[in-house]
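Chemist: With the sequences and hints as input, model every part of the structure.
Here the protein sequences line up with chains A and B, keeping their order. Sequence positions in the first sequence follow my numbering and run 1 to 129. Sequence positions in the second sequence follow my numbering and run 1001 to 1176.
Quick list of in silico lysine-lysine cross-link-like pairs, BS3-like style, CA-CA up to 30 Å:
hint	chain 1	residue 1	chain 2	residue 2
1	B	K1072	A	K27
2	A	K10	B	K1072
3	A	K103	A	K80
4	B	K1159	B	K1170
5	B	K1072	A	K57
6	B	K1159	B	K1172
7	A	K10	B	K1107
8	A	K27	A	K10
9	A	K10	B	K1016
10	B	K1016	A	K126
11	A	K103	A	K27
12	B	K1072	B	K1016
13	B	K1172	B	K1016
14	B	K1107	B	K1072
15	B	K1107	B	K1171
16	B	K1107	B	K1016
17	A	K84	A	K103
18	A	K126	A	K27
19	A	K10	A	K57
20	B	K1159	B	K1072
21	A	K57	B	K1016
22	A	K27	A	K90
23	B	K1016	B	K1159
24	B	K1107	A	K57
25	B	K1072	A	K126
26	A	K84	A	K126
27	A	K90	A	K103
Rather than coming from a laboratory, the hints here were simulated on the basis of the structure.
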Amino acid sequence: MPTQDEIYAKVSATLVEALNVDEDEIKPTATLQGDLGAESIDFLDIVFRLEREFGIKIPRGELFPEAIFQGDPEFVQDGKVTDKGLSELKARMPFADLSGFEKNPELTGIGDLFTVDMITRYIQGKLGN
Amino acid sequence: MRWLWIDRFLEFHPGKSARAVKNLSLAEDVFAEHFPGYPVMPATLILEGLAQTGGILVGEANDFQEKVVLAKIIHAVFHREALAGEQLIYDVELLHLRPEGASVQGKVTSAPIGDPVIGDPGKTATAVGEAEIFFAHLDKARSQQLFGDHNFVFSGELKHMLGLAKVAAKKKNGET
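Modeler: Now the structure itself:
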């Protein structure tokens, strides 16, 4: 099994190709949409490339869940994710670092959970299984 | 003018690859302005032809049930100009196919200018360009609300392309 550094290096190379960004823009904490300018269609491109690069299958919605809460009031109230919503997020995305998000769980901040590090941890988990 | 940027499929291997031909005729409107006295096929329209070849390959793989739209040109390179009188060959290979979308690798070749081999374009063909093209399947629930059941992507002429390819294949095999 590849080391975390090896996985990170491959994830970085994948993002450089998919998003047409410079290698030095890729940092562990860089967010895909905010920092690297990814658009929704780029997520599918990234999934294709990761599958090819690592020889894994990424089921729809597993790495990048779409519309997690579907406007459910139990999960979101006044634009903030509720405690129940947070536990749903943890269950759906165990590979995401929610420590910062929990302090200010604005729904609009969910996109910032998608970072280079998050993808690396996801791949690690996939290969570990 | 009709928005058809391939003339006919030469080969079609469902779910795998397709080859189409596009003859560049000086009579096409595009050459009036691009450019007067020097008719160059715009690279964007070469991409459109590749995307139509690839889009039909992707659409056929799901029996034309999905609305296949061009989402992203991941990478495109052009090596030389293609002029009126040339015959472009579009080769497309399906790289990925998933419920959400698909990607294809395409390449364009043509006989070198000054040495056209009409009828056997593959023989002395040189590379005109390559591109990787990404298609999205429009979300079924959402596009149903917007467009209804009508599949505006494969409404007529694009889909009829395959019918023409079948006729040509039969003639080639001496069937009637």
